[in-house]
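Under our numbering, the letters of the sequence shown match residues 1 to 240, in that order.
Treat the hints as calculated values from the structure; they're not laboratory data. Just so it is clear, CB atoms sit at the ideal spot from N, CA and C, and this is done for glycine as well. Careful, some of the hints might be misleading.
[Said to hold, decoys possible] Straight line, CA to CA, 30 Å or less: simulated DSS-like cross-link-like pairs of lysine-lysine:
| id | residue 1 | residue 2 |
| --- | --- | --- |
| 1 | 68 | 190 |
| 2 | 144 | 163 |
| 3 | 68 | 196 |
| 4 | 196 | 144 |
| 5 | 47 | 190 |
| 6 | 54 | 127 |
| 7 | 186 | 47 |
| 8 | 144 | 186 |
| 9 | 183 | 163 |
| 10 | 194 | 47 |
| 11 | 61 | 47 |
| 12 | 54 | 69 |
| 13 | 36 | 68 |
| 14 | 47 | 196 |
| 15 | 144 | 178 |
| 16 | 36 | 196 |
| 17 | 163 | 68 |
| 18 | 196 | 186 |
| 19 | 36 | 69 |
| 20 | 127 | 69 |
| 21 | 69 | 190 |
[As the list claims (entries may be wrong)] Restraint-style ranges between C-beta atoms, simulated for each label pair:
| id | residue 1 | residue 2 | range |
| --- | --- | --- | --- |
| 22 | 66 | 128 | 17 to 27 Å |
| 23 | 105 | 214 | 27 to 37 Å |
| 24 | 65 | 210 | 36 to 46 Å |
| 25 | 134 | 50 | 34 to 44 Å |
| 26 | 148 | 124 | 14 to 24 Å |
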Amino acid sequence: MIGTLIRNFDIVKKSFVDAFNSDGTNTPINDYYYEKGNRGLKLFVPKSDYFEMKCFEDLLKVYGCGLKKILTDLMIPNAVDETTQLDIVFINRSGIYVVEAKNYNCIVEYHDDKTWLRREFNGIVSKFQSPIEQNENHINNLRKILSECDESYFNSIITFADKCVIRYDAQYEKYNAKVLNLKDLKNTVKDMTKAKEIVFSDDEIYDIYHRLSEYTKVGALAKNKHIDYVNRIKRKKERK
């Protein structure tokens with residue numbers, strides 16, 4: 001109880017600091033919502049946003065890699081005149097890192113290239129779309145917008161909650177994706193930025209950031225349309 005009160009107090013304190021800071025760079029809550037296209041003051045984080053915000057917060061702590069810009073909740077056009085939702089895009093001199101955030105509290109394991117298994121701790125087992133394939137599709141759609149960027153500039157990262165048990169064989173790295181728990185996100189990205197060559201100047205980072213930021217400013221109607229599209233896809237898969 002005391003720990004929860006302290007955390008909530010800290011969140012409120014940081015929110016006020018962020019809200020009245022002249023350059024708006026203090027993070028974490030209001031920077032997160034600013035990048036989502038929501039410019040209002042936020043004191044509390046809804047449960048649905050909490051895990052994504054934790055990923056965002058950890059990426060902000062990737063120090064020593066030069067300029068970095070982070071966007072969240074991008075609604076990108078796809079090949080069927082609908083939209084695909086990207087959780088987080090981290091832009092750095094070493095490339096573009098697309099992070100798919102999965103707040104699962106269960107066992108997840110590779111099943112095949114199209115599907116994975118969710119094994120709940122109560123024994124229920126269900127299939128879900130391969131997060132590697134899902135993020136690969138996200139990157140393919142993103143590349144259409146950033147057509148001047150080489151394929152090698154894009155990096156796929158799947159991040160599960162720390163309580164999630166991941167059973168994933170590294171031999172399936174043919175997709176060049178990193179599959180990890182949240183606790184490993186910051187250091188993994190930091191190591192990747194150090195290992196890769198510089199491909200973007202600071203001006204190019206700002207240019208990409210501003211171009212992609214337009215896709216975070218979609219209204220509620222567009223987001224609801226995307227949710228309806230996702231639900232239709234899910235129902236089709238359930239009927240098969």
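*Regarding the pair residue 36 and residue 196, is the alpha-carbon distance no greater than 30 Å?*
OK: residue 36 and residue 196 at ~28 Å, within 30 Å.
*Given the proposed pairing of residue 47 with residue 190, does the C-alpha separation stay at or below 30 Å?*
Distance of about 27 Å is within 30 Å: holds.
*When you check the alpha-carbon spacing of residue 47 and residue 196, does it fall within 30 Å?*
violated, 35 Å
*Just tell me: holds or violated, for the beta carbon distance of residue 65 and residue 210 against 36 to 46 Å?*
violated, 20 Å
*Between residue 163 and residue 68, does the CA-CA distance stay at or below 30 Å?*
Distance of about 28 Å is within 30 Å: holds.
*Hint check for residue 50 and residue 134 - Cβ pair distance inside 34 to 44 Å*: violated, 21 Å
_C-beta pair residue 148, residue 124: status relative to the range 14 to 24 Å that was hinted_ = violated, 46 Å
_Range hint compliance [Cβ, residue 105 to residue 214, 27 to 37 Å]_ = Holds: the Cβ-Cβ distance is about 34 Å, inside 27 to 37 Å.
*Has the given pair, residue 144 with residue 186, been kept, meaning a C-alpha gap of at most 30 Å?*
Holds: residue 144 and residue 186 sit about 28 Å apart, inside 30 Å.
*Is the Cα-Cα distance between residue 54 and residue 127 30 Å or less?*
holds, 26 Å
_Next pair to validate is residue 36 with residue 69; report whether the Cα-Cα distance is within 30 Å._
holds, 13 Å
*Do the alpha carbons of residue 61 and residue 47 lie within 30 Å of each other, as the hint requires?*
holds, 22 Å
Checked against the numbered hints above, the structure violates hints 2, 10, 14, 20, 22, 24, 25 and 26; every other hint is satisfied.
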